[in-house]
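Student: Sequence:
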Amino acid sequence: MSESHDLIKELKRQLKQSGLHYVDVAQHLELSEGSVKRLLAEGSQISLDRLERICQLIGLEMAELFKLAAAQNKGLESLTLEQEKQLVDDKGLLLVAVCVVNGYRFEQIIQQYTFDELELIQKLAQLDRLNIIDLLPGNKIRLRISPTFKWHTGGPIQRFFQQQVQEAFFQSYFSAEDEKLVMATGLMSLPTNKKMQQKLQKVIDEFYQICQSDDSLDMNEKHGTSLVIAMRRWTFPLFNPWERK
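Numbering (this note's numbering), first residue to last: 1 to 245.
Hints listed in this document are in silico derivations from the structure and should not be mistaken for laboratory results.
Hints may be right or wrong, so weigh each one.
With a straight-line cut-off of 20 Å between C-alpha atoms, the simulated DMTMM-like cross-links for lysine to aspartate or glutamate are [what the hints assert, rightly or not]:
| # | residue 1 | residue 2 |
| --- | --- | --- |
| 1 | 67 | 82 |
| 2 | 150 | 61 |
| 3 | 67 | 6 |
| 4 | 12 | 167 |
| 5 | 12 | 61 |
| 6 | 16 | 82 |
| 7 | 91 | 116 |
| 8 | 9 | 52 |
| 9 | 140 | 107 |
| 10 | 12 | 205 |
| 11 | 67 | 89 |
| 12 | 140 | 61 |
| 13 | 37 | 178 |
| 14 | 9 | 206 |
| 15 | 91 | 167 |
| 16 | 37 | 206 |
| 17 | 150 | 205 |
| 18 | 67 | 116 |
| 19 | 67 | 10 |
| 20 | 150 | 89 |
| 21 | 12 | 206 |
| 22 | 9 | 167 |
| 23 | 37 | 6 |
| 24 | 140 | 128 |
| 25 | 140 | 10 |
| 26 | 194 | 206 |
| 27 | 37 | 52 |
| 28 | 202 | 214 |
| 29 | 140 | 215 |
| 30 | 222 | 178 |
| 31 | 195 | 206 |
| 32 | 37 | 205 |
| 33 | 16 | 178 |
| 34 | 9 | 33 |
| 35 | 202 | 6 |
| 36 | 140 | 119 |
| 37 | 180 | 205 |
Distance windows between CB atoms, simulated [as the list claims (entries may be wrong)]:
| # | residue 1 | residue 2 | range |
| --- | --- | --- | --- |
| 38 | 61 | 153 | 14 to 24 Å |
| 39 | 193 | 237 | 13 to 23 Å |
| 40 | 82 | 29 | 40 to 50 Å |
Bear in mind that the values here come from a model prediction, so they are computed numbers and not experimental data.
Don't be surprised by glycine CBs; every beta carbon is placed ideally from N, CA and C.
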């Protein structure tokens with residue numbers, strides 16, 4: 001990933017955390033909203049002057065933006081097993097963690113869920129101690145996790161997903177307009193499997209990029225959406241009796 005891409009990604013993150021939309025940037029730069037979208041999509045085309053003016057809008061020094069962009073690639077890669085257990089044992093804390101990872105601001109969590117301000121600050125302070133976020137003055141939230149952050153294989157979060165989330169997620173015929181379920185089977189060598197996994201990772205990356213493209217929309221225009229991707233060497237056990245040993 002190029003440095004310019006990292007910088008624009010961090011700039012978008014800071015705009016989101018400040019509650020600023022493309023229309024706000026457009027007004028500040030005296031450009032159309034479409035021009036701003038293209039400008040931030042083509043990060044290498046943005047001038048230092050415009051970058052500095054956007055930083056002024058956010059209330060951020062440009063040098064700090066460069067530091068934040070660099071820090072994102074050195075962020076937290078994983079939690080300890082004990083830290084994962086803390087999240088699973090406190091469902092309210094887990095909810096807040098999911099919210100902040102998905103880019104919610106303090107006031108948006110208050111708006112959508114029943115936490116009062118003191119309770120939410122306490123939860124965010126816990127996440128700060130876990131190094132998942134920095135809780136800044138004015139209840140601003142800065143993520144500290146790396147883009148390659150992962151949960152432990154077979155750890156508390158993954159087990160929680162398999163026991164609680166997985167079953168609930170698939171309680172659907174996936175027939176609605178905004179739903180889709182596809183299962184594909186075939187014969188595949190190990191090298192081809194690895195290539196396919198790389199393609200699936202690109203789909204996941206694109207999923208997050210598309211979510212970021214809706215940053216400028218109000219919360220009531222967006223809906224929680226989950227994507228589950230799984231692939232493994234597997235055949236349906238029902239057919240095992242017919243296999244030649």
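Student: For the pair supplied as a hint, residue 37 and residue 206, is the alpha-carbon distance within the 20 Å limit?
Tutor: With Cα atoms ~17 Å apart, residue 37 and residue 206 stay inside 20 Å; holds.
Student: Regarding the pair residue 140 and residue 128, is the alpha-carbon distance no greater than 20 Å?
Tutor: holds (12 Å)
Student: Is the hinted pair residue 180 and residue 205 satisfied, with a Cα-Cα distance of at most 20 Å?
Tutor: Holds - the C-alpha atoms of residue 205 and residue 180 are around 19 Å apart, at most 20 Å.
Student: Next pair to validate is residue 9 with residue 33; report whether the Cα-Cα distance is within 20 Å.
Tutor: holds (18 Å)
Student: Within a Cα-Cα threshold of 20 Å, do residue 37 and residue 6 meet the stated pairing?
Tutor: holds (16 Å)
Student: Taken at face value, is the distance from the CA of residue 206 to the CA of residue 12 at most 20 Å?
Tutor: holds (16 Å)
Student: What's the verdict on residue 37 and residue 52, does the C-alpha distance respect the 20 Å limit or exceed it?
Tutor: Distance ~17 Å between residue 37 and residue 52 Cα, so the pair holds.
Student: For the pair we were handed, residue 150 and residue 61, check the Cα-Cα distance against 20 Å.
Tutor: Violated, at about 31 Å.
Student: Compare the distance between the alpha carbons of residue 140 and residue 215 with 20 Å, and conclude whether the hinted pair is satisfied.
Tutor: holds (17 Å)
Student: Against the 20 Å threshold, does the CA-CA distance of residue 67 and residue 10 hold or violate the hint?
Tutor: holds (10 Å)
Student: Are the Cα positions of residue 91 and residue 116 separated by 20 Å at most?
Tutor: Measuring from Cα to Cα gives roughly 16 Å; hence the hint holds.
Student: Is residue 16 close enough to residue 178, meaning Cα to Cα at most 20 Å?
Tutor: Since the Cα atoms of residue 16 and residue 178 sit roughly 25 Å apart, the hinted pair is violated (cutoff 20 Å).
Violation of the numbered hints given earlier is confined to hints 1, 2, 4, 6, 11, 13, 18, 22, 33 and 38; the remaining hints are satisfied by the structure.
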